[in-house]
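Engineer: Now for the letters of each chain:
2 protein chains.
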Amino acid sequence: LSTELPVEKQLRADARRNRARVLEAADAVFAAEGARAGIEEIAERAGVGVGTVCRNFPTKEDLIAEVLAARCEELLGEMREAAADPDAGAAFVRFMTTMADFSGRYKALAEELAARGELPVRPGLKEQLHEATDRMVRRAQEAKALRTDVTTADLKLVISGIAQATVIPGVDASRQRFLRIVLDGLRPESAADHP
Amino acid sequence: LSTELPVEKQLRADARRNRARVLEAADAVFAAEGARAGIEEIAERAGVGVGTVCRNFPTKEDLIAEVLAARCEELLGEMREAAADPDAGAAFVRFMTTMADFSGRYKALAEELAARGELPVRPGLKEQLHEATDRMVRRAQEAKALRTDVTTADLKLVISGIAQATVIPGVDASRQRFLRIVLDGLRPESAADHP
Chain Y
1 LSTELPVEKQ LRADARRNRA RVLEAADAVF AAEGARAGIE EIAERAGVGV GTVCRNFPTK
61 EDLIAEVLAA RCEELLGEMR EAAADPDAGA AFVRFMTTMA DFSGRYKALA EELAARGELP
121 VRPGLKEQLH EATDRMVRRA QEAKALRTDV TTADLKLVIS GIAQATVIPG VDASRQRFLR
181 IVLDGLRPES AADHP
Chain U
1001 LSTELPVEKQ LRADARRNRA RVLEAADAVF AAEGARAGIE EIAERAGVGV GTVCRNFPTK
1061 EDLIAEVLAA RCEELLGEMR EAAADPDAGA AFVRFMTTMA DFSGRYKALA EELAARGELP
1121 VRPGLKEQLH EATDRMVRRA QEAKALRTDV TTADLKLVIS GIAQATVIPG VDASRQRFLR
1181 IVLDGLRPES AADHP
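First to last, the sequence lines map onto chains Y and U.
Letter by letter, the first sequence follows residues 1 to 195 of my numbering.
Letter by letter, the second sequence follows residues 1001 to 1195 of my numbering.
If you are wondering where the hints come from, they were derived from the structure by calculation, not from laboratory data.
For each residue, glycine too, the CB sits at the ideal point set by N, CA and C.
Check each hint, because a few of them may be wrong.
[Stated by the list, open to error] The calculated lysine-lysine pairs, modelled on DSBU-like cross-linking and capped at a C-alpha distance of 30 Å, are:
| # | chain 1 | residue 1 | chain 2 | residue 2 |
| --- | --- | --- | --- | --- |
| 1 | U | Lys1126 | U | Lys1156 |
| 2 | Y | Lys156 | U | Lys1156 |
| 3 | U | Lys1144 | Y | Lys144 |
| 4 | Y | Lys126 | Y | Lys144 |
| 5 | U | Lys1060 | Y | Lys60 |
| 6 | U | Lys1060 | U | Lys1009 |
| 7 | Y | Lys126 | Y | Lys156 |
| 8 | Y | Lys144 | Y | Lys156 |
| 9 | U | Lys1060 | U | Lys1156 |
[Said to hold, decoys possible] Reference excerpt, derived from the structure (chain Y facing chain U, CB under 7 Å, subset only):
| # | residue |
| --- | --- |
| 10 | Leu5 |
| 11 | Val7 |
| 12 | Gln10 |
| 13 | Leu23 |
| 14 | Asp27 |
| 15 | Ser160 |
| 16 | Gln164 |
| 17 | Ala165 |
| 18 | Ser174 |
| 19 | Val182 |
| 20 | Ala191 |
| 21 | Ala192 |
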């Protein structure tokens, strides 16, 4: 039995709505402008004051982490879907395409990757993404859809390279071309020392 | 017949030496720390005052441009050497390796590439590098050492991606691994739609 007054309930609902609005605005602004984007712009887009942003997310890093965490949960879902594909080769191509698009589109993510070499998300999520990637890689290698001299670390670097080279506005089509070269180079029969 | 006093000659020689020292220090500091490196650090390394740096190079951009121009002349020389290799395939691999190493090592260059999509060097040099690259690409394609659905723009993006992903300290070995995947993907027989 709740003892709270209707006005308190209303205030809590408003606070939740504001927080959701800030996150939505931050997602759009960071995707378009990268981690350099200002809190003022995010507040304006969300239709709230700068104070509301700061109450919910004391630092810009907190806000970036929350936005990326939400996107990474989505990414994890997509990876699980790809893993369910009976064709391991197709699943791998889908995984690489999703990762490159995701990283390229999220300038903030690419910048964080470049600056720290790791994502500012909740620890559990990072491990889950890492495990899902490892499983994907092993499965593709067992199915002879991916050369065996390539590691998960190599693939992360490749995705980071594609993302960083194609965050420049107007090079979206180039990302697909870059990815195609890489995917062709990753097939076992493409290795230079292939018997 | 020179009418200048020995002391004037001496002053000019000192000025030249200081300029050369600043350039050498800037080259080392930019390579290690990127374009973010401070003028103070460069002055200290060169053993001159900050004023001497500023008299020779009014802005940091001037200094970056001069350092990169010198490195690019060197690069052009290496490209011409590679072009003289009778094996067009080997020449292409050498070109890509040189470019990736050069771009990866020169963080400042990679950052400039990422930020502006172009080099802050003298116009003539840019065109010469571009022409040399184009010739290298055409020659490799004619020799069937490079797939024909790849453009010079694609290769520039690929090199930029490799460079940006591998400017993180400690990933020098990874650059070679990334490059190998890309080089394997660039051979005509690796194209997914190869007959």
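Engineer: Does each hint hold? Answer for all of them.
Structural biologist: Here's how the hints hold up against the structure:
no. : hint                  : in the structure
1   : U:Lys1126 x U:Lys1156 : holds (13 Å)
2   : Y:Lys156 x U:Lys1156  : holds (20 Å)
3   : U:Lys1144 x Y:Lys144  : holds (26 Å)
4   : Y:Lys126 x Y:Lys144   : holds (27 Å)
5   : U:Lys1060 x Y:Lys60   : holds (29 Å)
6   : U:Lys1060 x U:Lys1009 : holds (28 Å)
7   : Y:Lys126 x Y:Lys156   : holds (13 Å)
8   : Y:Lys144 x Y:Lys156   : holds (20 Å)
9   : U:Lys1060 x U:Lys1156 : holds (25 Å)
10  : Leu5                  : violated (54 Å)
11  : Val7                  : violated (51 Å)
12  : Gln10                 : violated (47 Å)
13  : Leu23                 : violated (28 Å)
14  : Asp27                 : violated (23 Å)
15  : Ser160                : holds (4 Å)
16  : Gln164                : holds (4 Å)
17  : Ala165                : holds (3 Å)
18  : Ser174                : holds (5 Å)
19  : Val182                : holds (6 Å)
20  : Ala191                : holds (6 Å)
21  : Ala192                : holds (6 Å)
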